[in-house]
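*Asks:* Listed here are the chains, written in short residue letters.
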Amino acid sequence: MAATDINAPAVGPSGIRPKHLTVGRVGLYLALTLAAIFFLAPLYVMIVTSLKSMDEIRQGNVIALPEAASLAAWTRAWAEACTGLRCEGIQVGFWNSVRILIPSLIVSIMAGSIVGYVLSYWKFRGSELFYGLLLFGAFVPYQIIIYPLIRVFSTIGLYGSLPAIVVIHTVLGLPIMVLIFRNFYSTLPSELFKAARIDGAGFFALYWYVLLPISKPIFVVALILQVTGIWNDFLLGLIFGGSENMPMTVQLNNIVATFQGEVEFNTNMAATMLTAIVPLAVYFVSGRWFVRGITQGAVKG
Amino acid sequence: MRLSSRITSRLVVSPFVVVAIFTFVLCVLWSAQLSFTSSKIFPAYDYVGFKQYTRLFANERWILSFQNMLIFGICLISGALVIGFLLAVMIDQSVKWESFWRTVFLYPNALSFVVTGLAWQWLLNPSLGLPELVRHLGWTDFKLNLLGEQKTALYAVSIAAVWQASGLVMALCLAGLRGIDGEIWKATRIDGVPRWKTYLHIVIPMLGPIFFTAIVLLSLSVVKGFDLVVAMTNGGPGTATEVPAKFVIDHIQIRANVGLAMAGATVMLISVVAALAPWVYVQKRRKEARG
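Those sequence lines, one after another, are chains A and B. Last residue of the first sequence: number 370 in the working numbering, and the count goes up by one each step with no gaps. Last residue of the second sequence: number 1373 in the working numbering, and the count goes up by one each step with no gaps.
Keep in mind the hints are simulated off the structure, nothing from the lab. Since the model is a prediction, treat every value here as computed from it, not as a measurement. Ideal Cβ placement from N, Cα and C applies to all residues, glycine included. Please note that the accuracy of each hint is not assured.
[What the hints assert, rightly or not] Computed Cβ-Cβ distance ranges for the label pairs, DEER-style:
no., chain 1, residue 1, chain 2, residue 2, range
1, B, Leu1152, A, Pro286, 34 to 42 Å
2, A, Leu103, B, Ala1140, 42 to 50 Å
3, B, Ala1126, A, Arg155, 34 to 42 Å
4, B, Lys1268, A, Glu197, 42 to 50 Å
5, A, Ala141, B, Ala1140, 51 to 59 Å
6, B, Phe1104, A, Ser255, 50 to 58 Å
Let the hints inform the model, and build the full structure from the sequences given.
*Replies:* Written out as structure tokens, the structure is:
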């Protein structure tokens, strides 16, 4: 699909300097095309495999387009694929992930923005220390806190429940959410805040009427980060979700690991694609925002 | 009014402070404490000193896991840095369809490690994946079972990880390249310095902080690495791709040996702190330099 791209640059000038089709330019586009093939190959192979019949897959040409493309494997993956003895398809995991995602998103983003607001404008004794603690929390390996959290949730009888996994995502997402909101608020001019204070705005009024209206960009970044982060989570869902709230990633892994007789690669790849669709859609729709999200989430602090 | 707003802010933030202290201080300390006990499934408080640590470092699987983590880390970090940097440089040559290339190189970053692992597992399938394609093309006795061989499985996992992580490095480097003053390019062109020399001697040193950040981020994901291995090989074949993160989870969940698991987790934490320490130090120095 990228093959047509090689020839085109010669057509017109691009960038600042006028371009002629030099050997260097051809080499550049060739290298980019090869790289693009490397990056697109797994996605392409997943898609074509999911559209083939097992007979066709057995012929052994993974990159061939399907002779008779069919969505049969997709419907099987959605509604019939087996996890152990349960054969209700990956839809179970999909809806579990949706049920986990929505409350976790709302709570964690709200929490991040309000704590970020406090850390920017309402510094208290120890607030720098608190911020440092959150920074530590953003980097700490989950293995060192998982077992105590299991014990706590077992003690209060929430282990393996939906609220448990939502709380876990909120608490463990708090560091990164607070970091990005605090960083955003700290770039705003402080006059804004002072003026509103002089006008008599209180804690909530400031947040609601002054900050929220201008915070849309950072909410979008937070949303992108959390949707992909929570949807793609495996470890936390595996441990805290229990068998009733298994997120899609965990179920996907179980489906692929479960097989009697022949492995149904088409169903497996369809299930994999189904799991990838939500974050991919977020990625393709959000474009530059996604880049901003990952670089902000990654670099700042 | 002023006082009450301040009190409100304290009231609002205090539950989060409590939760953060509980999770990131008390839970960590609790885990560390349990590493000095012989806890099995439930916490026991019969202190055994450093016994779990001596056991840990006498445990072949742990040693292997730790070695694997280091090899995987070297492969992933060097691979992703080189590929990510080269991609950024190529895109920065005012190419056409810039956003197309960026989109293609970065999309794996949006995927779950489980998806990445399963996609590559299928691509590398020895009987029906890419090896079969090579046979199909006429090289009939071609054999390649990267994931099935103890010697190569870890490298197969590394390839998948590089595939997923390079885009992030590219995005970071591209942001860095765009921040470089255009005058530098003009000056070196007038002086007749070849482009590659400019990159080698001027641009790469200027991107130092970005490489540094990328290395820290990649190191963290190496230490935390769990999902990809579980999805792609589940530690196998044999124990060829076991990693510390999986060792700890297995010893909590399956082997019911919490004392040993917590010793492993503590060593993981120390590794992360060691990876972070230079970064924190540099950030702090930079802040001080700025005043």
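*Asks:* Against this structure, judge whether each hint is valid.
*Replies:* Evaluated hints:
no.: 1; hint: B:Leu1152 to A:Pro286: 34 to 42 Å; result: holds, 40 Å
no.: 2; hint: A:Leu103 to B:Ala1140: 42 to 50 Å; result: holds, 47 Å
no.: 3; hint: B:Ala1126 to A:Arg155: 34 to 42 Å; result: holds, 36 Å
no.: 4; hint: B:Lys1268 to A:Glu197: 42 to 50 Å; result: holds, 43 Å
no.: 5; hint: A:Ala141 to B:Ala1140: 51 to 59 Å; result: holds, 53 Å
no.: 6; hint: B:Phe1104 to A:Ser255: 50 to 58 Å; result: violated, 26 Å
Violated hint for the displayed structure: number 6, the only one.
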